[in-house]
Amino acid sequence: MSDTPWRDVLDVADLEESWVTRVDLGSRKLAVYDTPSGVYASLALCNHGGADLCDGYFDGHVIECPLHQGAFDVRDGRPVSAPATRRMRVFETRVKDGKVQVRI
Amino acid sequence: MTDAIVTPLTQALAEGKLTREELKSFMKRSNAPGLRRLALWGLVLAATTWLISLTWTSWLIWPAMFLHGIVLVHHFSLQHECVHYTVFRTRWLNDLVGQICGLIIILPHRFFRYEHCDHHTHTQITGEDPEMVPMPQNLRDYLLYLSAIPYWRTKLTELFRHASGRLSEGELRFIPKVEHQAVYRDARIMVALYASAFLAMALTGWWGLLWYWLIPLILGEPVMRFIRMTEHVGRPTVAQMSENTRTNLVSAPWRFLCWNMNYHAEHHYVASVPFYALPRLHEKLKDHIFVEPGGYLAAHRDILGQIRTSHEARPK
Chain A
2 MSDTPWRDVL DVADLEESWV TRVDLGSRKL AVYDTPSGVY ASLALCNHGG ADLCDGYFDG
62 HVIECPLHQG AFDVRDGRPV SAPATRRMRV FETRVKDGKV QVRI
Chain B
22 MTDAIVTPLT QALAEGKLTR EELKSFMKRS NAPGLRRLAL WGLVLAATTW LISLTWTSWL
82 IWPAMFLHGI VLVHHFSLQH ECVHYTVFRT RWLNDLVGQI CGLIIILPHR FFRYEHCDHH
142 THTQITGEDP EMVPMPQNLR DYLLYLSAIP YWRTKLTELF RHASGRLSEG ELRFIPKVEH
202 QAVYRDARIM VALYASAFLA MALTGWWGLL WYWLIPLILG EPVMRFIRMT EHVGRPTVAQ
262 MSENTRTNLV SAPWRFLCWN MNYHAEHHYV ASVPFYALPR LHEKLKDHIF VEPGGYLAAH
322 RDILGQIRTS HEARPK
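Which chain is which? The protein sequence lines are A and B, in order.
Position in the first sequence (from 1) plus 1 gives the number in our numbering.
Position in the second sequence (from 1) plus 21 gives the number in our numbering.
Hints were generated in silico from the structure; no laboratory data involved.
Some clues are possibly wrong.
[Claimed, not checked] EDC-like, lysine to aspartate or glutamate: derived pairs with alpha carbons at most 16 angstroms apart: (1) K97(A) - D35(A); (2) K45(B) - E18(A); (3) K49(B) - E17(A); (4) K45(B) - D35(A); (5) K49(B) - E18(A); (6) K38(B) - E304(B); (7) K30(A) - E192(B); (8) K45(B) - E17(A); (9) K307(B) - D24(B); (10) K100(A) - D60(A); (11) K49(B) - D60(A); (12) K100(A) - D4(A); (13) K176(B) - E192(B); (14) K198(B) - E264(B); (15) K97(A) - D9(A); (16) K100(A) - D15(A); (17) K30(A) - D98(A); (18) K305(B) - E43(B); (19) K45(B) - D9(A); (20) K305(B) - E42(B).
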C-alpha cells in the first residue's frame with residue numbers, strides 16, 4: 002500500500018457528470034473523470050501534443066485529446082488511439098466524505 | 022506550472038466564442054447519423070456503379086466513370102472524418118471504415134492519421150504543415166496541381182517508400198518510432214492487395230476493377246484536388262485559424278459527398294465535433310472565421326485572382 006497521503010481535489014458535487022473536470026492542484030493540472038465505474042484522475046495535459054484533455058471528448062472510460070483525437074483509457078492510462086502511444090499518468094483516486102481524493 | 026499548448030479551441034473558449042457547455046453539446050456523439058449517411062452513401066455508390074454497367078458499350082461510359090469517380094474520391098472525406106473519430110461514437114467503427122476508405126483511394130489509414138495530426142498542429146505553416154498545398158505561382162502550376170499528377174506521384178512514391186521500409190525526414194518528425202514498423206506493414210499490405218487485384222484480373226481475364234474502380238478514381242481525383250485547394254490555398258500562411266482556413270458554403274449534394282468538410286474552419290477549431298454537428302457549429306462560429314459564401318467556385322476565383330495579381334506585380 003502506498004504511503005502517499007490522500008489529498009482532497011474537489012467536492013463530488015462539483016464533478017461534471019459523466020464528463021471530465023479540470024482541477025488545479027498546486028503546480029499540477031489534473032483531469033478528474035466521472036465514469037460508470039467510479040472516479041478516476043490523470044494529469045490533464047496530453048503526453049503527445051500537450052493539449053488540455055479537459056477540453057476533450059469523454060465517453061465511458063475513454064478521454065480523447067481535443068487536438069488530435071488521440072485517446073486514453075482513464076482507468077489505467079493505456080493509450081487506445083493514435084497518435085497517443087504512451088501511457089498517460091493516472092493517480093489512485095477515491096471518494097470520501099463528499100470529496101474526490103487522489104494520492105499524489 | 023506546465024501550461025497546455027494554445028490551440029484554436031482553447032482560444033475560442035478563452036475569447037468566449039464558445040462556452041464549455043456548448044462545446045460539450047457539439048462534441049456529443051452517436052452512431053445513428055453516421056450509419057444513416059453511410060447507408061445512403063452505399064446507395065449512391067451502387068447507382069453510379071450501375072450507370073457504368075448501363076453505358077458499358079457506349080462512349081457514355083466515360084462520363085459515367087467520371088461521375089462514379091467523383092463519389093469514389095470522396096472516400097477521402099469519409100476517411101478524414103474517421104481519422105478524427107467523428108463519424109461514429111463506437112471507436113472501432115471509425116477505424117474499420119477508415120481502413121476501407123484508405124484501401125479504396127490508396128491511402129493507408131494509419132499513416133494518414135499521423136500526417137493529418139501534424140497538419141492540425143501546423144496548419145498552413147510553410148515547411149511544417151505536411152499537407153500544405155502551396156499557393157500556385159502561375160496558371161501552369163495551378164492547372165498542374167488540378168490534374169492530380171503531382172498528387173499521384175507523391176502518394177505512390179510515399180507508398181513504395183514505406184513498403185520498402187523507409188520514411189522521409191518530414192515523416193520521421195510526426196510518426197513515433199514505435200509505429201514505424203506498423204506504417205511499413207500497412208504499406209506492404211496495400212501494395213500486396215493491389216498486386217493481388219491485378220493478378221486476379223490477369224488470371225481471370227475480367228478487368229472490371231479497372232473500369233469500376235481505378236480509372237474512375239483517376240478521372241475523379243482532379244475534383245478532389247479542386248476541393249482540397251479551397252480549404253487553405255490562398256489564405257494567409259499564419260497560425261491564426263480565423264485567417265488560415267476557408268469555410269465554403271456549398272449545396273447539399275456537395276455537403277453530402279464531403280461529409281460536411283466544407284465547414285473546414287469550424288472543423289479546425291474543434292476537430293472533435295462530429296460531422297453532423299458542424300452546421301450547428303458554423304452558426305456559432307461564422308462571425309469569427311473566414312467564410313466563402315460563394316462556395317468552391319468563388320474560392321477558386323479568389324485563388325486565380327491572387328495568382329493574376331501576384332503575376333502582374335512581378336518585375337517585367
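Outcome of the hint check:
Proximity of K97(A) to D35(A) is assessed by CA-CA distance (about 15 angstroms); at most 16 angstroms being required, the pair is judged to hold. Straight-line distance between C-alpha atoms of K45(B) and E18(A) comes to about 12 angstroms, which keeps the hinted pair within the 16 angstroms bound. With a C-alpha separation of about 15 angstroms, the suggested pair K49(B) and E17(A) falls inside the 16 angstroms cut-off, and the hint holds. Proposed proximity of K45(B) and D35(A) is supported: the alpha carbons are some 15 angstroms apart, at most 16 angstroms.
For the given pair, K49(B) sits about 14 angstroms from E18(A) by alpha-carbon distance, which is consistent with the 16 angstroms threshold. Only pairs whose Cα atoms come within 16 angstroms are accepted, and K38(B) paired with E304(B) is accepted, the gap being roughly 11 angstroms. With a C-alpha separation of about 31 angstroms, the suggested pairing of K30(A) with E192(B) is violated against the 16 angstroms cut-off. Among the hinted pairs, K45(B) with E17(A) is consistent with the structure: their alpha-carbon atoms are about 11 angstroms apart, no more than 16 angstroms.
Distance restraint check for K307(B) and D24(B): the Cα-Cα separation of roughly 29 angstroms exceeds the 16 angstroms cut-off, and the hinted pair is therefore not satisfied. A C-alpha spacing of about 23 angstroms is found between K100(A) and D60(A), which places the hinted pair above 16 angstroms, so the restraint is violated. Using a Cα cut-off of 16 angstroms, the hinted pair K49(B) and D60(A) holds, with the two alpha carbons roughly 9 angstroms apart. Pair hint K100(A) plus D4(A) does not hold up; C-alpha atoms about 20 angstroms apart against a cutoff of 16 angstroms.
About 13 angstroms separates the Cα atoms of K176(B) and E192(B), which keeps this hinted pair within 16 angstroms; it holds. A C-alpha spacing of about 34 angstroms is found between K198(B) and E264(B), which places the hinted pair above 16 angstroms, so the restraint is violated. At most 16 angstroms may separate the alpha-carbon atoms for a hinted pair to count; K97(A) and D9(A) meet this at roughly 9 angstroms. In summary, the hint linking K100(A) to D15(A) is supported, as the alpha carbons are separated by about 9 angstroms, within the 16 angstroms threshold.
With a CA separation close to 23 angstroms, the supplied pair K30(A) and D98(A) exceeds the 16 angstroms bound. The suggested pairing of K305(B) with E43(B) holds, with an alpha-carbon distance near 9 angstroms, which does not exceed 16 angstroms. Of the supplied pair hints, the one linking K45(B) and D9(A) is violated, its CA atoms being roughly 26 angstroms apart against a limit of 16 angstroms. For a cut-off of 16 angstroms, the pair hint linking K305(B) to E42(B) stands: about 13 angstroms separates their Cα positions.
Checked against the numbered hints given earlier, the structure breaks hints 7, 9, 10, 12, 14, 17, 19 and satisfies all the rest.
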